[in-house]
Structures are given as structure tokens and as C-alpha cells.
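Novice: Following the hints, position chains B, C and D against chain A.
4 protein chains.
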Amino acid sequence: MSVPNVSLAAVMPEPGAAVEVREVPLPDLEPDSALLKVELSEVCGTDVYLREGRLAGVPYPIVPGHVSVGELDKIRGTLLDVNGKPFAEGDRVTFLDVHRTCHTCWYCTVAKASTRCPHRKVYGITYGLNDDGLTGGWAQYIYLKPGARCIRMDGVPSELYMAGGCSLPTALHAVERADVRLGDTVLVLGSGPVGLSAIGFAKLSGAARVLCIGAPDTRLSSASRIGADATLNFTDRSDEARLEWVRSQTNGRGADVTIECTGVPAAVTQSMRFTRDNGTVVVVGQYTDHGETAFNPHLDLNQKHLDIRGCWGSDYSHFHRGVDILRMPAAAALWSGITLDSYRLSQTNEALAEVEAGRAIKALIVPEP
Amino acid sequence: MSVPNVSLAAVMPEPGAAVEVREVPLPDLEPDSALLKVELSEVCGTDVYLREGRLAGVPYPIVPGHVSVGELDKIRGTLLDVNGKPFAEGDRVTFLDVHRTCHTCWYCTVAKASTRCPHRKVYGITYGLNDDGLTGGWAQYIYLKPGARCIRMDGVPSELYMAGGCSLPTALHAVERADVRLGDTVLVLGSGPVGLSAIGFAKLSGAARVLCIGAPDTRLSSASRIGADATLNFTDRSDEARLEWVRSQTNGRGADVTIECTGVPAAVTQSMRFTRDNGTVVVVGQYTDHGETAFNPHLDLNQKHLDIRGCWGSDYSHFHRGVDILRMPAAAALWSGITLDSYRLSQTNEALAEVEAGRAIKALIVPEP
Amino acid sequence: MSVPNVSLAAVMPEPGAAVEVREVPLPDLEPDSALLKVELSEVCGTDVYLREGRLAGVPYPIVPGHVSVGELDKIRGTLLDVNGKPFAEGDRVTFLDVHRTCHTCWYCTVAKASTRCPHRKVYGITYGLNDDGLTGGWAQYIYLKPGARCIRMDGVPSELYMAGGCSLPTALHAVERADVRLGDTVLVLGSGPVGLSAIGFAKLSGAARVLCIGAPDTRLSSASRIGADATLNFTDRSDEARLEWVRSQTNGRGADVTIECTGVPAAVTQSMRFTRDNGTVVVVGQYTDHGETAFNPHLDLNQKHLDIRGCWGSDYSHFHRGVDILRMPAAAALWSGITLDSYRLSQTNEALAEVEAGRAIKALIVPEP
Amino acid sequence: MSVPNVSLAAVMPEPGAAVEVREVPLPDLEPDSALLKVELSEVCGTDVYLREGRLAGVPYPIVPGHVSVGELDKIRGTLLDVNGKPFAEGDRVTFLDVHRTCHTCWYCTVAKASTRCPHRKVYGITYGLNDDGLTGGWAQYIYLKPGARCIRMDGVPSELYMAGGCSLPTALHAVERADVRLGDTVLVLGSGPVGLSAIGFAKLSGAARVLCIGAPDTRLSSASRIGADATLNFTDRSDEARLEWVRSQTNGRGADVTIECTGVPAAVTQSMRFTRDNGTVVVVGQYTDHGETAFNPHLDLNQKHLDIRGCWGSDYSHFHRGVDILRMPAAAALWSGITLDSYRLSQTNEALAEVEAGRAIKALIVPEP
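Chains as they are written, first to last, in our numbering: chain A, 1 to 369; chain B, 370 to 738; chain C, 739 to 1107; chain D, 1108 to 1476.
Next comes chain A alone, as it looks inside the complex (with noise of 0.2 Å):
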């Protein structure tokens, strides 16, 4: 197959600006680099965020979409999976979005924290198309730079994949952290995608009961189709009548475990409440600074003797586990719940926009005609 010069790619020129679809031309790959031909990408929260230039430190112009999956389409060297065999080109991969985690500074070496190591990179939101080049998956190409990590995606079809996308990782990080037990009932905040794929962990981990309190609807439906027992959506209801729903379905306790998926900081004092005494909450859903929230450091901390976890980022880890659970039948059987919708590179604006407004449930883009 003759691969083109060029790639089309959707561009976010600047803050607050419209995306338009540039050619750019494909990079001499470097020695252990790949090119690769993108199947689908698609638009998370986050791109949201990038258009209305609320991110520190991204390099515009970027070209946006950092978890996506596709074919090798030219390998430059040798590619290896971690099993140490090589990738062949026509493979179908995903791979990691975070790049270049260091390995030698303090928080990758000494707190093994490597979600905060100050080095890295990630595709489609903090390298820039200037720079780096093809580094975001809305576009017909990605450049995998070397030391890029590559999966294998056998067993895997790319829509029950992207289903997840980059919701993926970050729920099973949570989900991780967590420690649901077997028969616990988890409660989930928030319905988009890091809280549906937050459902399906805690279900596939043995959660007894999962609840989730979203909106809209449509988005309540798939959270049941993903495995949630009972939803509540929260239009409309006081704090008191949301803790009351989550105090009937778990014995008067609250729950064992919250999950909380929102981007609302107020979500997070609600999640210490939601949660039973000696639980645990998880805070995944603050990726961008919404300002702060109150809470009652004795009522809602101290005396309930509570956990709380931040969750930042994933690693490789989190990215080759979640591949390998759905090839398990039970979460394929999930994830195929969660609605897709797909857009053309011309279409990302409007892609965006259906996202912004929670009318979405997971926004898939389709660089290919």
C-alpha cells in the first residue's frame, strides 16, 4: 500500500476558535517510530475543555484526540509489544497517550507515582501540531514517536474499544484504587463516560449492587445497560432527596465505595455524604478546575473515619489491562451497551458541540470516508 504525503487533520488553531481540517504533511519516521492509520479517535470531555482554552500549558495549534485506535501502517525499526514480540505493519493497535514518563525523576523512581511525573507528554493535548507534529488521533495519521507503546487489539473490535476510549484507563485506575470488595454496593457519580466505565469495573469486580446518579436519561439508560441496578437522575432533586435515594438502597448506610465521575466540585462533598461510614470515595472526576466546594471537615471526614483517593491519570498498565478485561464476554457484554455516535474530521465542531451539551453519550471520530 503507497502511503499519501499528507494527512488530513482536524485543527484547534487557538482558544475559543472553531476546529478546521488542515493538510499536514506525514513525517520522516524516526529510527523505532511508526506511523499509524487511525481507525477511529474520538471527543472527551477534555477536548471540550481544550477548545475553551482552559487547560494550562497546551502548545496550540494542536491537533486534538489522544486515545484512538487504528492499523501500523509503516514501522521504521523494530515496534515490540511487552511480551517482547514485534509488531508487524497491518497490526491493530491502540496506544498509550501519556509519552515520554521519564523513569528517573523523583516521582517516577522514588514515590513510583508516575502519573505526576513532570515529564510527560500526552498525545493530542499537550504536544502541539507545530512541534510534534501528527500527535492527536483526529487526523488520518498519528506519528508514533519512539518509545510510543503500542497494544495489540486481537479480540478486541475497535467500536467496543473506543465504547471506553479514553474513559477506560481512567475508570479502571479508579476502580483500582477503590478496592471494591465482593458484595459491595458501589455508587457512582456522574454519567458520562468515566462514570459508565466506572459501572462496568465495578460490576466486572463484584460489586453486589452498583447505582449511579446521572442525566440525562439517555445517558441513565446506558449506565443500566453497563451494569447499573438502579439510577437516579438528579434533575430536579435536592441534595437531601439524593441522599435519602441513596440511604433506601443501601440499608441506611450510604454506599460501601462512591465513585465520583462528575467535574462538579460540589459532587465531591455530596460523595463523602453518599458514602457509609469507614467507606471509600474515589475522586476521578476533577480534571479541570471548576473552582472549590464546602464540606464539614467533622461531619463528613473525621467521624466517618472515611477514605477519600484522588485518581490522576493512568499508566501503561491501566491502558493493557483494560484491553485484556474486554476481551473478557462479561464486559464485552457491557461496553456494546454504551451508545456511539460517529463524526467526519469535518465534523468535529459540531462533534463538540453535542458533547458539550451532554447530548452525546460517547462521540466517536471516523478520519476515514
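Please keep in mind that the hints were generated in silico from the structure rather than gathered at the bench.
This structure is a prediction, so every number in the text was calculated from the model and none was measured.
We treat Cβ as the ideally placed atom computed from N, Cα and C, and that holds for glycine.
Reference excerpt, derived from the structure (chain A facing chain D, CB under 10 Å, subset only): (1) Asp81; (2) Gly84; (3) Thr101; (4) His103; (5) Cys105; (6) Trp106; (7) Thr109; (8) Pro118; (9) His119; (10) Tyr316; (11) Ser317.
Specialist: Relative to the frame of chain A, chains B, C and D by itself:
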């Protein structure tokens, strides 16, 4: 020795009223109960709140004083230690102030969170004079009801033990929950009794450096003697100045572990900011409701990948291990650095005033002339 | 319903002797005790060892049967569940076979290892007929002494619960201790009742694949029905062939987690070899002394950076959570795959023979005609 | 300072042969590599096994000496510490002997068990003279290949650091894995370098008492100086006598934590027997294959509800934290209790003989005259 028929006791008649010394008849001992002749009891911050009526469910009039040490004056039936060895009259002991942990409720049996057992009663706090008699340490005698758990004080001077007092099990529980690693930098917020004991336990647990932010200077001197490597008097310092001080002590990163022991809601938010990414915060200073505080869930929690752990109450293990630890020469050297102020039963109002004003570091009650 | 004066009971008179059915007088109920009318009890491997006299400290004659389900026939005083709700006569319940965990010894209070409490007594094993009366399930009635802990069976059919029987809490404890992670490959050695329940719990905990090595084929069929993805009949296989099979199922690395449930000492060594480096082995199959086994500490343990965890007994939480879990439809579907064989009180010798020979998968005792 | 063209190096030509001093040409430095002028290196038990040819995969001839301290003599390009600060020529440093941990294989990325990475190379052990040049510490110079990780020694005297030597990270890893709790009794089996450092770390971690069983008396004297509260010379003692001694020191229960550092397979079985029920055993003394040992899985493991943890290798964090810990005055006081014996490059055969015979406590190599 002939036991008298009555015991002097300092009684809080009702919220807001002054403490008064009364004569209280000694009880008839039920089977497997005992009478403890009090050598030392204490005044802690909770006693100040008790006088102010800030705790719910207190059956006034009460005899305050929840942690005490003394001599078993009379035993009816059998009283065993955890090794199955019977106590004898004359043995010097302390006892677990928490009584009637039920071992049958959901929190005791399924969640294994016995400090959240709703049936537990606490000597000196939730036992009242009218129904339960001599159930506080501000008295010549304490009635150890059946099921009370005593601990031998062999090898631990009474004053050394009371230098920790009720803060000993409270702080030990907090430090256990902090998972201090060898070589960590631990920051303790607050230099009251819980803060001081937390410093000592953090130091013994292998912290390379223990920092303390507190006030006044007299307490910070105690902080230094019990193991703090550096202290900061927060008076007249801005939040920013405190943060800068912490960073200057921690390679710019913040503490590995912060233990909040202040009683001030805003300190909980600061504890998040003073802690490094992926560090741990234990909140043990919020035993009374002092209202809300604001924090930024994105900056202070989620992005920091932080662990925040509320820590409520203590159980027998914390008392037992606390006494065991004081048998270590290294521990004795630390706790002997705490300045003690002794008061008679007739001086408890004065003692409360000194504690409330933060002038007393550790106030003891000495019932016997 | 009028309660009779006597209960039929199948009694083991002494080690080595046949079980015989006797009439035993019903006890006078102490305050806060109860009489349980047995619907189903069970025969487990321990009962075979009891007949052989291989356990120490058994007060023959005994009525075997440690886990049972039935109806509360008569309650004297008050019997509460963990939520504080009183039981009523006619309620269908199971109860914790472990009694008199002391909550006062060093193991109960300081180590928090209550399954190592030296004071605990077990219905059907360490309670004897002469001193304690009807304290085993192979009888029409069981005397629930004061302090016995009952669990409501609402929503859980008796036969479904007894398909797990005493293996349910035992295996749940083992799987909790195994810390199965979502997507793990779990290997279960042994296909007796504990192995089968371990398979079910591992599957529910999110294992991507559960492997089982056992025998005979009838049990392996049950293994498949309760969740095993692949099974191996070890008969006529060498250790090397088994190892090769495990590796062929695990990318050449070995299982992430191995749960040993065999009763054969050599299987403990094999469990180390079948597990990947830095994996986890739980040993729960060695409840009786069958002698020693050899292993290589360098190759099998130190160089592998392995975790090996012994798992003894169970406590109330394992019974309670076990019943809760069986209320999950996914769990009911798994445990309903276990084949049950029912025996009358007069057939317990035959039942023991079937269990000993490995012909019965799960043998139940049905006391009522 | 003018760097010479050659370095003297003590070379093991092949298994079984005597070490000989050779002149080895200094390498041309690759980009971002460095030359370390060795101040001190060491002789450890592994070096004895290297001479005997008991380790697999060793590319003889080799220059032994895996942990060393010295001065950065020449840096080509940039060498950064974990805080991003560049090293300068003249800095006194140690470096991580483990090199080329890949950060890409399944063990590095998914299992996060980097000490089981199959690609790692160890200076002085699996790097050979022919292919890799000066890659061991028994030489005037070590070639620090690109990617080598150095640690500043500011505040830590070289001799103090080498008193731990390679045992420092090994023992720290073991003690971290032991989860020592404040007030525990820790038993260390073995009084060689790893055992001695394990004693020190256990003491610093808050062990109330550290016990050591070892030999000969000279090493037990070092054990006492580095923190052991009681020691037993095992020579001429039966297993029963040792067990009785441990019980006499532990209220009859056994140690809370036992750390096996002996190199003798039978000691692993004893470590199980010397530990209390529900205690923890860390096995770190079995770095070489010395054959099998027998144990009783029922009595020694399952019924005891024991945790046994193999501990292999170390990573950068153990070196970094080890150096940090030695900056604590309490640590310096402990490790200064280890007796050092120094040998020239021409005396390494003698040094090996002393180490093999157990006469040397810690043998250092001093390359410079």
C-alpha cells in the same frame, strides 16, 4: 486498706455550669467488675467542649476524665488481661475508656470498623453520674463495670503514660493509618496533646524528619522535645508563608504525610496543600463540629492524586500498643519531654481554663491529696 | 407448632466408630438462646477426618454438621441481627458455626486475628454432645446458645446456600485474602467444595480466566459450571505436565493468583511453581496434618518474589457477606451448578463414604423425613 | 586532574580461578555517560558464589563489586539526579548497580515488579569485562554507561554507606515488605551484612524489640551495636532450643515479623515456626540455590494464617531512600556499629576467603593506594 463508702468526684452538672466537687457513694460491685483508685486522670480539649455542651448525647451530670491510671482497689470475681492472666488487687493499670463495643452490629462484625459501633459508651463522656455512677476519672474512684478492659502499667511510670493520656491511643491510631515509611517527612499540624503524641509516634515510626506547625512557643518547645526536627509558629503567618515554609523543608514538594490535629476546619484544606502529590493526609483533629471549610477538588485532591483518611476513635489495640511502645526507652525519652501541670479535684475549673487558653500543655488531675 | 421433647441426631460416638442415630432430649433454653429446626446440614471433608479421629481436641461423642440452615423454632429472650432487628420464630436462617470468639484475648483484640482466638468453639466439631447437647447439624434441632449469630436467608434458597455450605465462608476468606485484581488469571488447585466455591468467588471478583486442576471429571464438570474457564484432570499427569499446562494458559508466566484447596501437602509446593513471579498464593487446603512437603526456597519463593498467604477459619463477616453475595443473580447462576446429593440422618455413614471417595460433590443431610 | 589511560582492576577470569589484577584500558565515553573514580567497593557473599561459579548467566571474565562509592571523574554530556539537577565532575556519588531495567516489558509495566525484569543487568555480576569493560567496583574506575543512575552522597560518609553496601538496598526492600508496625517484635535470622542492615532498618521502623539469631559472636556484637535487643548464637543449639528462646522473648507467641537472611534453606522453615500466628515472614536470604527444605503446610502455614513474602532485588528507590535514611543521625549511630575490614585490589582473594569463612563482618575494597 479499708475502702471508704464514698468517693470525691468533680462533677459537670450541666452545660455551661462550673464543675463542682461532690461526694458520690461507692457502688456495689457487680460480678467481674472492679473499683479503680485513681492516681492520675487528665483534662483534654474534649472536656472543654463538654463543659460548653458542644457534644451531643452527653447524659449530664457527668464525671469527666476518660483516660486515667490507678490501682485496682477491689475486684469482684475475675478480671483477666489479654494473655489470660488474672489481675490482682493492687495492680497498677489503665483501662480502655471505650466500653460496650458490641461485637454484634454491622459495623463491628462486617465492616470491622468498631470505632463506628453505635453502641459503644465512653467513660467520662457518654456515661452519666445518675445512671452509671463513678464513670469518670475526675474522682477518687472509678467503677470498672463488667467487661472493662484493663492494661498493666508495669514498666511505664504513671506520669509518662499520662503525658500522652487520651492522646496516646488517638495519635497512635492516626499514625498507624498514616502508613509512615522509613525516611518520610511527616508534617504535624497542631501542637496540642494529639499533635505532640503524633510527633512522637511519627518519629518512632522512622520518619527522617518531623515538622510541626503550631502555637504557642511553649507548646512548640514540647514539640521539639518529643521529636519535631523543625517547628513553625503559625501566629501572624499567612497561609502562603506556611506553605512556603513547608516547601522549603521538603525539597519543594510538600510533606510525604501530613497529620492534621488542630480542631480548625481550614487546617484540613491546608493539610492537602502542604502534602506532596500522591502523599497521605490523616485528619484526626476534627472531633467537634466547627463548621465548614472550602477546598478546590481539582487542585487540592484529584490532580494531586492524594489520599485523605479520616480517623475516628480508638480501640483496645491502640491502648495496648500505646503502653507497649512507652516501654521502649526511645519512647520514654520522647514523651518525658511533655510538660505536665497538675491540678486537684478542687481545681478542675482552673485546669479547664488553662487548657482552653492553650496555656497548659498537658493538664493532669490528681484526685488524692 | 408443638415442639417435641426430643430430637433425632446422628452421633459420632468416638474416633473410628460408625455414626449412629440417637434420640437426644431438647434443652431448656437459656435466656437469649434459641432452637433451630434443621432443614439442611452437610457432610464435609472435616467430618471424614472427625470420624477418623484426626483432629485434636474433639469432645466425642459429637453431633457433626457445622454449617446448617433451618427455621428458628423457638426463641427465648431476644435474638438480634446485625442491623439490630429482632429475629422471630419461623425465620429461616443460617448461623455462624464459630462460637465464643472471645473479643478479649490478644489475638482478638491486639492482633485482630480472631480466627486464631484460642477460646473459640465450633458447632459440630469442638462442642460435644455430653456437655453441650445438640450442637451439630446432623440432627432435627440445633441448640443456638446465647451469643450465637444468625443470618436471615431471605432471597437465598436453602439448597443454593448449602451448595456452598461451610466452603462458602472458607473460600470467601481465601479469595478476599488473594486480592484478585480485575483481569487476573486465577488458578484453583483442587475441585472439592472449597475449590469449587473459590472458583465461583474468583470469577465474581473479576478474574478474566479461572483455571482449575482437580479430579475426577464429575467434579471438574461442576468446576466448569461454577466458573472455571479451563480445567485439567491431574490423574496420570506428571508435575511437569501440569506446569506446562498452566504456562500454556498464562502466556508462559504462570497464574497471577493460585488458591490451593487440595489437602495434599505437595500441592502447596506446586502452587508456588504454578504462580508467576510476584504473584500470590493462598493456602487454604491444609486444614489437617498430612505431613511435610519439600520446596526450594531460592527457586520457588525468594527469586520469584512471591507472596504466600495461609488462610485459617472464617468469622461472621465471611458468613454474612457470603449470603449477601448469593443474593446476586450472577452468583446464584454459578452456585446452582454444583451437584447436590441428599442423605437422611440414617444415611450419614454412606454419605461419609461417598465424600471420602470423592464421589459426592456436595453431600447434604436432610434431617426431616 | 589528568585521567590516566588505564585502570587497575581485580578480575575473576572464570569460575574457580583466583582473582587477578589487570590493567584495563579506560573507555571512550559515550554521550551522557561518565567515569567514576572508585573510593570504596565491597566484597559480598554473592562474590564468593561468583568465584565458585554458582550463578547462572555470568559473562566471565568479570570485574566484581556491584555497589561502590566514588567521585565522578569525567562526565560526557549530561547526568541528572532525580530532582533534575546536573551532576558535576568531582561530585561524590554512589550509583544503582542495576542497569537497563527496561520499563517496557510486562513485568516492568503491567505487574510493576521491576526487580523481575528479564532485561536488567547488574554491574559486577552480569556485565562482563570483554563486552562491557570496567563495569565492577574492584577497580580504580567504573564506566557508568548512559542511563546509569547516580545518587549524591552529601552528608553520608563513604565508610558509613559502605558499612551497608549492597545489603543496604536489599535489607531496606525486605523491611519495607515486612510492614513492621510500631511496637512489633522483629526477629532477624542471620547476622551477615543483610541481616545486620535488616536489624538496623527494623529498629528505625519502630520495632520495640529486635531479636537476632546468628553466629559467630563477633557478628552478634555487630548485631547488638546496630540495634538488636537480644541475640542468640545458634551454634550447638537444637531447633527446639532456638524456638524456645524465641518464645521466651515473645510472650510465648513467636515474633510478629521474621526476616530470614541466612542463605540456609532450613532457616526458611524455621522462620515460619519462629513467627506468631498471623505474623509475617520475609525471605530475603535465598539468593543462591542451596537445594530444598521440608515444611509442614498445615502446622507451619495454613493453621498459622501466616504471610510469607519472598523479596528479590532492589530498585532505584531502595538506593535513594537508603542514602536518605543514613542522613538520619539515628541511622548513622546504628550503621557505625558495623566493623569494617579493608583490602587492596591485590588482596581480593584474601578478602573473599575472610568473607567465605564468616570472619569478616563487612569487607571493603580500597582500590587506591
